[in-house]
Every structure is written in structure tokens, then in C-alpha cells.
Amino acid sequence: MPIQILLLIVIIAADVVAWKRVREGVIPVREAVLWTCVWLAAAIAVALPNATSVIAQLVGVGRGVDLVVYGAIILIFFLLFKIFVHLDKLESTLTDIVRKDALKDIKEKNINELTD
Amino acid sequence: MKIPYAKPHEVFAVIPAWNEASGVGDVVKAVRAHADGVLVVDDGSTDSTSEQARAAGAIVVRHRLNRGQGAALKTGTEAAIKLGADIIVHVDADGQHEPEMIDALVAPIREGKADVVFGSRFLGIDPSGMPLIRRLYFPLARLFNVYLLGVSKHVTDPQSGARAFSTRAAQQIVFHQDRAAHCSEILRSVTRSNLRWMEVPIHVRYTRETLKKGQKFSEAFRIMWQLLIHRLK
Numbered sequence: 001m002p003i004q005i006l007l008l009i010v011i012i013a014a015d016v017v018a019w020k021r022v023r024e025g026v027i028p029v030r031e032a033v034l035w036t037c038v039w040l041a042a043a044i045a046v047a048l049p050n051a052t053s054v055i056a057q058l059v060g061v062g063r064g065v066d067l068v069v070y071g072a073i074i075l076i077f078f079l080l081f082k083i084f085v086h087l088d089k090l091e092s093t094l095t096d097i098v099r100k101d102a103l104k105d106i107k108e109k110n111i112n113e114l115t116d
Numbered sequence: 001m002k003i004p005y006a007k008p009h010e011v012f013a014v015i016p017a018w019n020e021a022s023g024v025g026d027v028v029k030a031v032r033a034h035a036d037g038v039l040v041v042d043d044g045s046t047d048s049t050s051e052q053a054r055a056a057g058a059i060v061v062r063h064r065l066n067r068g069q070g071a072a073l074k075t076g077t078e079a080a081i082k083l084g085a086d087i088i089v090h091v092d093a094d095g096q097h098e099p100e101m102i103d104a105l106v107a108p109i110r111e112g113k114a115d116v117v118f119g120s121r122f123l124g125i126d127p128s129g130m131p132l133i134r135r136l137y138f139p140l141a142r143l144f145n146v147y148l149l150g151v152s153k154h155v156t157d158p159q160s161g162a163r164a165f166s167t168r169a170a171q172q173i174v175f176h177q178d179r180a181a182h183c184s185e186i187l188r189s190v191t192r193s194n195l196r197w198m199e200v201p202i203h204v205r206y207t208r209e210t211l212k213k214g215q216k217f218s219e220a221f222r223i224m225w226q227l228l229i230h231r232l233k
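If you read the sequences in order, they're chains A and G.
With the working numbering, letter number 71 in the first sequence gets 71, and the count goes up by one each step, no holes.
With the working numbering, letter number 16 in the second sequence gets 16, and the count goes up by one each step, no holes.
Among the clues, some could well be false.
Said to hold, decoys possible - Derived pair list, reagent style DSS-like, types lysine-lysine, alpha-carbon separation capped at 27 Å:
| no. | chain 1 | residue 1 | chain 2 | residue 2 |
| --- | --- | --- | --- | --- |
| 1 | A | 104 | G | 29 |
| 2 | G | 153 | G | 113 |
| 3 | A | 89 | A | 100 |
| 4 | G | 113 | G | 82 |
| 5 | A | 89 | A | 104 |
| 6 | A | 100 | G | 82 |
| 7 | A | 104 | G | 82 |
| 8 | G | 29 | G | 82 |
Claimed, not checked - Computed, partial: chain A to chain G, Cβ under 8 Å:
| no. | residue |
| --- | --- |
| 9 | 64 |
| 10 | 66 |
| 11 | 85 |
| 12 | 92 |
| 13 | 106 |
It is worth saying that the hints were derived from the structure and are not from the lab.
Since the structure is predicted, the reported quantities are computational estimates derived from the model, not experimental observations.
Where a beta carbon is used, it is the ideal one built from N, C-alpha and C, also for glycine.
Assemble the whole structure, with the sequences as input and the hints as a guide.
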């Protein structure tokens with residue numbers, strides 16, 4: 001089916017990009033291997049849709065496609081949460097820097113100068 | 001830590017201010033009569049808040065970027081400790097707090113009866129001009145604080161911005177929340193510590209200006225979210 005071919009091309013391209021990044025020194029080999037596993041799983045799911053059904057039956061979800069969708073949603077929620085937590089950390093780091101900068105004067109200046 | 005050149009200042013009022021140029025001067029002048037030092041934290045204002053506060057006689061520290069009221073209070077508290085404060089009082093810059101309340105907040109600490117004192121709007125003195133929606137909202141906020149955030153149920157005013165600490169207590173209480181969640185966070189931290197705390201009645205004046213800048217109901221959900229994220233971090 002055309003959709004399968006299209007998706008497979010996209011998946012192969014994505015994996016090629018991952019290894020290109022390794023050559024460029026942007027990501028470590030470890031990460032590229034991880035991505036290859038992810039893309040390989042995706043390729044199997046696309047090329048052999050019935051393969052996912054076997055796992056789906058094991059878990060208790062009717063269709064393989066459903067399992068993939070559920071999994072993707074869980075993954076997205078997880079990543080979204082990680083981003084929130086990361087943002088929160090960045091915000092507190094920023095506050096710490098701004099605070100340090102604000103308090104710098106208190107150390108350096110005499111209280112009399114500050115009130116002038 | 002006391003620094004040698006600090007004057008023997010005792011009570012320091014910390015006022016966080018963000019774009020309050022029109023009102024901050026009056027607040028500083030009014031507060032000066034009740035505190036030995038007035039410290040305004042200009043929280044990244046784009047107007048002349050710093051200049052107005054300084055002209056009115058306050059010590060000003062400035063956040064280069066707006067980091068929120070909680071962050072400004074923490075900066076101000078640290079600055080006050082550095083300047084040798086013995087008692088630190090948090091005051092809102094919008095003029096809703098009457099400066100006389102500082103004496104009421106500070107007295108129990110001076111007398112050695114408490115380490116932390118919170119001003120409560122619900123201990124007898126009726127707030128002026130508090131809108132109905134807020135009267136309905138505060139009991140809900142209290143339930144929320146007790147059951148979801150674990151603040152002591154003996155606290156009558158969970159969102160009060162008026163509080164005083166002894167320096168020792170201020171050093172012991174750590175608060176991380178930059179924005180509105182710091183109220184609940186401080187309460188939780190204090191009521192669960194071994195510090196002696198109490199509430200005293202204060203009078204609050206609501207005007208069009210204070211309501212415009214004040215918390216909105218939707219803020220409750222944001223507070224919940226921020227505290228949740230922080231705990232899961």
C-alpha cells in the first residue's frame with residue numbers, strides 16, 4: 001500500500017539522519033543505536049501490521065494499531081512532562097542568577113549609599 | 001550573617017514591586033514609620049519603580065528580569081538578612097496592607113512569643129471592599145490548602161501576603177516558588193516546622209487598583225500545577 005511505502009521511506013530517512021548526526025559529532029553512537037531500535041520497531045509495525053496484533057493480544061488490547069496509538073500517547077505525555085520539569089528547572093536557575101545579580105550590590109555597597 | 005557597616009536596623013519591611021511606580025513611593029513612606037529599614041525589590045519593572053522607591057527612602061535591589069512575587073520576596077529577605085535585620089516583614093506594594101499592621105505582626109516576635117507571624121484577614125477585622133467572589137473563593141482555597149497541599153487547618157487565611165519572620169526563622173524557611181504558589185509553600189513549610197507561629201488579625205483594603213493586580217481565581221489551578229511539578233521534580 002502507498003502509505004506503507006511512504007512511511008518506510010520516512011523511517012529510513014530518519015535513521016539515516018540519526019547516523020549522519022553521529023558522524024557530525026552531534027549525538028553519541030549510543031543515542032543513534034537507540035534511535036535505530038525505535039525506527040526498526042516502527043518499520044516492523046508499518047511493514048507487518050499483523051506483528052503488532054500479536055503483542056496487542058498478549059497485552060489485552062484488540063488491535064495492533066490501537067496498541068501503537070496508546071503507546072505513542074503515553075510516550076508523548078511522558079516527554080511533555082519531562083519538558084515541563086526541565087522548564088521549571090531552567091526557571092529556577094534563571095531566578096537564582098537574577099537574584100545573585102540583584103544581591104551583588106548589597107555586598108559591595110554600604111547601606112548609606114544604597115539609601116541615597 | 002551581620003555585616004559590620006550595617007546600621008543597627010531591627011525591623012526590615014520587604015516590599016516586592018513590579019511596575020508600581022505610581023504607588024510605591026506612598027507605600028514606602030507609610031511603611032517607614034513602622035520599620036527601621038524598607039527594602040523594595042524591583043522585580044524587573046519597566047517603569048520608574050526603583051527611582052520612586054529610592055526617592056521615598058527605600059533601599060532598592062533590582063531583578064533584571066521579572067521573576068515573580070515569590071522570587072522577589074526571597075531576594076528581599078536575603079538582602080534584609082545581609083543588612084542585619086532582626087525581624088523581616090513582607091508587605092505588598094499595592095497598598096492593600098495598612099502599615100499599622102507591621103506593629104501587630106512584629107510584636108509577638110519582639111516579645112519572644114513567636115518566630116513567624118501571619119496576618120489574617122479573617123480574624124475579626126472585616127476587609128474593606130472585598131468582592132463577593134473572593135469571599136466565596138477563600139474558604140475553597142483553605143480546603144484546597146489543607147487537603148491537597150497539607151497546610152495546617154489552623155491557618156485561617158491561606159493566601160495572606162502579610163507575614164513577619166525572625167531572622168533565624170527566615171533562614172530556616174526555604175521557599176522555591178517564584179510565583180503565586182509561594183504563599184502556600186511558606187505556610188506549609190512553617191506549620192510543619194518546629195517554629196512557633198501564630199496569626200494576628202489585619203485589615204485589608206481592596207481598591208480597584210489592588211483588585212486589578214491581585215490574584216485571579218484561575219490562579220488556583222496554576223498554583224496547584226506549580227507545586228505538583230516541583231514535588232515531582
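Going down the list of hints, with the structure as the test:
At roughly 25 Å between alpha-carbon atoms, residue 104 of chain A and residue 29 of chain G fall within 27 Å of each other, so this suggested pair holds. Of the pairs offered as hints, the one joining residue 153 of chain G and residue 113 of chain G holds, with about 21 Å between alpha carbons and a cut-off of 27 Å not exceeded. Between residue 89 of chain A and residue 100 of chain A the CA atoms are separated by roughly 17 Å; this keeps the pair inside 27 Å, and the hint holds. Only pairs whose Cα atoms come within 27 Å are accepted, and residue 113 of chain G paired with residue 82 of chain G is accepted, the gap being roughly 24 Å.
Distance hint between residue 89 of chain A and residue 104 of chain A is fulfilled; the C-alpha atoms sit about 23 Å from each other, no more than 27 Å. Between the alpha carbons of residue 100 of chain A and residue 82 of chain G the distance comes to roughly 13 Å, so the proposed pair stays at or under 27 Å and holds. Taken as a hint, the residue 104 of chain A and residue 82 of chain G pair is honoured in the structure, with Cα atoms around 11 Å apart against an allowance of 27 Å. A threshold of 27 Å between alpha carbons decides the hint, and for residue 29 of chain G with residue 82 of chain G the separation of about 22 Å falls inside it, so the pair holds.
Below 8 Å, beta-carbon pairs count as interface contacts, and residue 64 of chain A has none with chain G, the closest being about 32 Å; its hint is therefore violated. A least Cβ separation of about 29 Å between residue 66 of chain A and chain G goes past the 8 Å threshold, and the interface hint is therefore violated. With a least beta-carbon distance of about 5 Å to chain G, the hint placing residue 85 of chain A at the interface is held under the 8 Å criterion. The interface hint given for residue 92 of chain A is met, as the beta carbon of that residue sits about 6 Å from the closest beta carbon of chain G, less than 8 Å.
Nearest Cβ of chain G to the Cβ of residue 106 of chain A: about 5 Å, under the 8 Å cut. The hint holds.
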